[in-house]
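All chains should be built: construct the whole structure from the sequences, respecting the hints.
Chain residues, written in single-letter form:
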Amino acid sequence: AQSVTQLDSQVPVFEEAPVELRCNYSSSVSVYLFWYVQYPNQGLQLLLKYLSGSTLVKGINGFEAEFNKSQTSFHLRKPSVHISDTAEYFCAVSGINAGNMLTFGGGTRLMVKP
Amino acid sequence: DGGITQSPKYLFRKEGQNVTLSCEQNLNHDAMYWYRQDPGQGLRLIYYSQIVNDFQKGDIAEGYSVSREKKESFPLTVTSAQKNPTAFYLCASSLMTSPSYEQYFGPGTRLTVT
Numbered sequence: 001a002q003s004v005t006q007l008d009s010q011v012p013v014f015e016e017a018p019v020e021l022r023c024n025y026s027s028s029v030s031v032y033l034f035w036y037v038q039y040p041n042q043g044l045q046l047l048l049k050y051l052s053g054s055t056l057v058k059g060i061n062g063f064e065a066e067f068n069k070s071q072t073s074f075h076l077r078k079p080s081v082h083i084s085d086t087a088e089y090f091c092a093v094s095g096i097n098a099g100n101m102l103t104f105g106g107g108t109r110l111m112v113k114p
Numbered sequence: 115d116g117g118i119t120q121s122p123k124y125l126f127r128k129e130g131q132n133v134t135l136s137c138e139q140n141l142n143h144d145a146m147y148w149y150r151q152d153p154g155q156g157l158r159l160i161y162y163s164q165i166v167n168d169f170q171k172g173d174i175a176e177g178y179s180v181s182r183e184k185k186e187s188f189p190l191t192v193t194s195a196q197k198n199p200t201a202f203y204l205c206a207s208s209l210m211t212s213p214s215y216e217q218y219f220g221p222g223t224r225l226t227v228t
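Sequence order for the protein chains is A and B.
Residues 1 to 114 (the working numbering) are what the first sequence spells out, left to right.
Residues 115 to 228 (the working numbering) are what the second sequence spells out, left to right.
It is worth saying that the hints were derived from the structure and are not from the lab.
Check each hint, because a few of them may be wrong.
To be clear about the criterion: a stretch of chain A counts as covered by chain B if any three or more of its residues have a C-beta under 8 Å from a C-beta of chain B, and this derived list gives those stretches [to be verified]:
#1 20–33
#2 42–48
Calculated Cβ distances over 10 Å to all of chain A for the following chain B residues [unchecked claim]:
#3 P122
#4 V133
#5 E138
#6 N140
#7 L157
#8 A175
#9 G177
#10 S179
#11 A206
Don't be surprised by glycine CBs; every beta carbon is placed ideally from N, CA and C.
Written out as structure tokens, the structure reads:
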């Protein structure tokens with residue numbers, strides 16, 4: 001079984017500042033990792049995913065994430081945020097033996113202030 | 115355009131009534147899922163189906179029922195046995211054979227029971 005911990009429930013940041021949203025996971029098998037974004041009253045949209053290969057993954061809207069196997073982390077970063085990035089962000093993991101079954105973290109609310 | 119539709123977007127019911135939430139996908143995905151989202155609790159899996167006429171309980175199946183008579187459709191019934199039905203409900207789908215396994219989400223249905 002897998003578990004995901006998003007260490008910050010809320011992250012306030014000023015516009016144009018950099019941001020990092022933290023995600024740690026636990027698993028007894030190799031994993032696939034995902035970051036999703038949810039705007040208010042909407043479904044989830046995939047930002048990026050790590051399946052294999054390069055540990056630095058680039059996604060949509062200027063976001064990137066780095067897979068660190070030794071620290072079991074998959075932190076999401078953006079060098080300069082915009083007001084429009086205000087949303088809830090979810091980290092998710094699946095074991096490679098059950099790739100379609102995702103376990104989600106509790107979410108991090110990113111609040112970008114002008 | 116391919117995607118997942120959920121209807122209605124907002125649903126109001128009186129306590130003691132059963133209610134059915136619709137989920138349809140035209141992505142030709144094999145697997146479909148229902149999640150419940152409460153503030154600060156992330157996404158919790160209610161039911162999932164990996165093939166027509168078969169479905170499995172997720173983490174919080176009590177008080178819910180589903181059917182999968184067609185590949186495209188996976189309706190969720192919230193029964194009167196569900197003690198706290200007011201929540202945001204999300205439907206998702208994914209492939210079973212692709213290595214990517216990412217789940218695609220619908221826009222959600224917000225159910226309010228009074």
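Hints, one by one, checked against the model:
no. : hint  : in the structure
1   : 20–33 : violated (count 1)
2   : 42–48 : holds (count 5)
3   : P122  : holds, 13 Å
4   : V133  : holds, 19 Å
5   : E138  : holds, 14 Å
6   : N140  : holds, 15 Å
7   : L157  : violated, 4 Å
8   : A175  : holds, 15 Å
9   : G177  : holds, 21 Å
10  : S179  : holds, 20 Å
11  : A206  : violated, 8 Å
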